[in-house]
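**Q** The residues making up each chain are set out below.
Protein chains: 2
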Amino acid sequence: MAEEKLPTRAEDFSEWYNQLVLKAQLADYAPVRGCMIVRPYGWALWENIQAALDKRFKATGHQNVAFPLLIPKSFIEKEKHHVEGFSPELAVVTIGGGEELAEPLILRPTSETIIGHMWSKWIQSYRDLPVLMNQWNSVIRWELRTKLFLRTLEFYWQEGHTAHATRQEAVDETLQMLNVYTDFAVNEAAIPVIPGVKSDAEKFAGADTTYSLEAMMGDQKALQFCTSHFLGQNFAQAFEVKYLDQTGVLQHCWTTSWGLSTRVIGAIIMVHGDDQGLIMPPRIAPIQVVIVPIYKTDEEKASVQKTAKDLKAQLVKANLRVHLDEREGFSPGWKFNDWEMRGVPPKMSPSNQPCWPGAIVPAGKAKSAPRWPTSQPQSKNCLWEFTSRSSTRPWPSGAPTLKRPPPMTS
Amino acid sequence: MAEEKLPTRAEDFSEWYNQLVLKAQLADYAPVRGCMIVRPYGWALWENIQAALDKRFKATGHQNVAFPLLIPKSFIEKEKHHVEGFSPELAVVTIGGGEELAEPLILRPTSETIIGHMWSKWIQSYRDLPVLMNQWNSVIRWELRTKLFLRTLEFYWQEGHTAHATRQEAVDETLQMLNVYTDFAVNEAAIPVIPGVKSDAEKFAGADTTYSLEAMMGDQKALQFCTSHFLGQNFAQAFEVKYLDQTGVLQHCWTTSWGLSTRVIGAIIMVHGDDQGLIMPPRIAPIQVVIVPIYKTDEEKASVQKTAKDLKAQLVKANLRVHLDEREGFSPGWKFNDWEMRGVPPKMSPSNQPCWPGAIVPAGKAKSAPRWPTSQPQSKNCLWEFTSRSSTRPWPSGAPTLKRPPPMTS
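Same order as they appear, the protein sequences are chains A and B.
Offset between the first sequence (1-based) and this note's numbering: plus 1029.
Offset between the second sequence (1-based) and this note's numbering: plus 1029.
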């Protein structure tokens, strides 16, 4: 793995990215064009992203649900802009159980339509509002030019969907979720982001206003980090999502939707990575500390392995995600290069050398870096501090949170 | 909701089940025949099931991954028994991005084939084994007779997939996972299960041996709780999953797969439920304690609400999943009936009555049950104890864990 050198970012940023995703075993190409397989190291990162976001969604009152993958084709045609935007990207099921279907089914490209359909049954009164939902799933969009994590036919994401009694409440929700994403970007992914409003040509098909966070990648290009849509009454009118207000008058709801996808993994690679490989943001890193035992003789091996296991137990106890690399047939140097390429924040190497029992090798550039002994590897604070010091980019101290709503475009 | 009475189980068990799933808002029928929407209360239960299983899978060394939904149709045809078993149940995508596809794609009914295909690329040497993977996703099987949670066209599950160097290792894995499921069934879902081997006619299409756990429902009928398959070398041969052993000889791997689905929610309903409604197993209950404030005057309302909020904060601090029912326009009696139907283990009602500030009403049969005051509602142990005492079924104390592998059928 680590032997074949990556191209530098300056030589070919796009090829550096493609090779790194494969070499670090984050993902691989699936047999179906444009689809990807997310491998254990990539999925563990996604699970940490999910956990960090999910607790924020729940803290703001949202509940998770699951709407089906299969949607009647007629649903997509009910909202004028939605059908224009999504029709060219649809995958269509025409055969089920060996028989041609009377009405073709589409694979969800997003779930506004089926959710609108169900809300029209569930929502009757102002007492039923607001409805605050989110779901974690995958969606299918028939993209022509694809790239692992950044644009794939099937991708993983969350889609939040909310319904409100008033326009103001829905606008507030749209902006609240943009702030939740900002908090996640800065404090978990360590990525500075800039909020903004999409142009009419770029906004979500069916939205009144689309807000997004944009981040700058290592090649100085912008990448859309996530979006939050104020949908006005567009879907509520198309699907007759109505409620009786306190005065007994039937009103259409105001709705929102907001999403963040596995594309964020692409952003993490492109913002933090350097010519040696990945640099994982410590708080969501799949492996926060890797332990590489160093020994020469069999006698040394037994004692170093014991030290390594004890060290691991201490770090696990401190709630760190630790991996002990016990692979046989690979030299410590090879392992260090491998973990450097895979971006694990600190690497520790218990050995029989002077700095035994615990030597920490900083994340960046193993060869030139100092080693220093630590008698308290179990100290989480110390490790965190170390981690942020050793990162090639400083942990952002401020965040461009939205204090005031930007001007609405409608 | 709670006003319309359920049929009793004795009258019509099947209709009791259907109505209860809808009334308790666990799930609803989707617009596509045989598909379901899992609503917040049902999905929260599934998330707790997932968490309880996922930590057991990780503790036994498995890593989560994500393989795509779309599989080339030709893949399913590579294993003789697999194609025979699954062909009648397939959903087929024939159109993508507005164009007819050169090769139709199937929606995964299960992932052995695409995983076999990728393993043939990833696995080269004995050093790469064992491979221990799991994924949480949904699969599509074109079922004709469907019932919410028990049999749906799309259902949610986990599918574990492992590859091993020897037959014995794969057999051990198959049985280990059956034991993991047993531990979950007994200690989390509070459902006694019986392990067994499926007949040749009933086993998984492509397996050498299928083990299952069976549980007895409230109508005295058996339900398959989960399955664990020893796949022999069937898929390894069909997809050429081979490794170089220590002596330099090329060998086929031995593989397993094992799964547990949202059907388990059906089992929880049918095992624990009674004529009043659901009874949730406390450890995975979406809501473990509900607080229903009781007051008559506005003055009482303010003080009771404050007590209720304090109580909730105390219980949340004790890591309990607590819901404070502040709905306006519903009487406490109506709320008690509603939560009884939805099976929340203990219900607490702070009020200005003698047992103020904290009265616990047991889960079962509110009217005849004693109320007793507690000055320490924050005591988790006390609540758990109470919960298990108040359950209409005692918490199973023993478990039919597999001590020895049952005889293999091949």
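Treat the hints with caution; some may be incorrect.
The list treats identical chains as one, so a pair stands whether inside a single copy or across any two.
Below, computed lysine-lysine pairings styled on DSS-like, alpha-carbon distance capped at 30 Å [what the hints assert, rightly or not]:
(1) Lys-1341 with Lys-1084
(2) Lys-1325 with Lys-1102
(3) Lys-1102 with Lys-1176
(4) Lys-1346 with Lys-1084
(5) Lys-1150 with Lys-1250
(6) Lys-1087 with Lys-1346
In case anyone wonders, no lab produced these hints; they're calculated from the structure.
**Q** Compare the structure with each hint and give your call.
**A** Against the structure, the hints come out as follows:
Taking the shortest Cα distances, Lys-1341 and Lys-1084 sit within 30 Å of each other both inside one copy (28 Å) and across copies (19 Å). Taking identical chains as interchangeable, the C-alpha atoms of Lys-1325 and Lys-1102 are never at most 30 Å apart, the minima being 66 Å within one chain and 52 Å between chains. With identical chains, the CA atoms of Lys-1102 and Lys-1176 are at most 30 Å apart both within one copy (28 Å) and between copies (24 Å). When the C-alpha separation of Lys-1346 and Lys-1084 is checked against a cutoff of 30 Å, the pair qualifies both within a copy, at 23 Å, and between copies, at 16 Å.
Taking CA atoms no more than 30 Å apart as the test, Lys-1150 paired with Lys-1250 passes in neither setting, with 45 Å inside one copy and 34 Å between copies. Both within a single protomer and between protomers do Lys-1087 and Lys-1346 lie at most 30 Å apart by alpha-carbon distance, with minima of 27 Å and 16 Å respectively.
Hints 2 and 5 from the earlier list are contradicted by this structure; the remaining hints agree with it.
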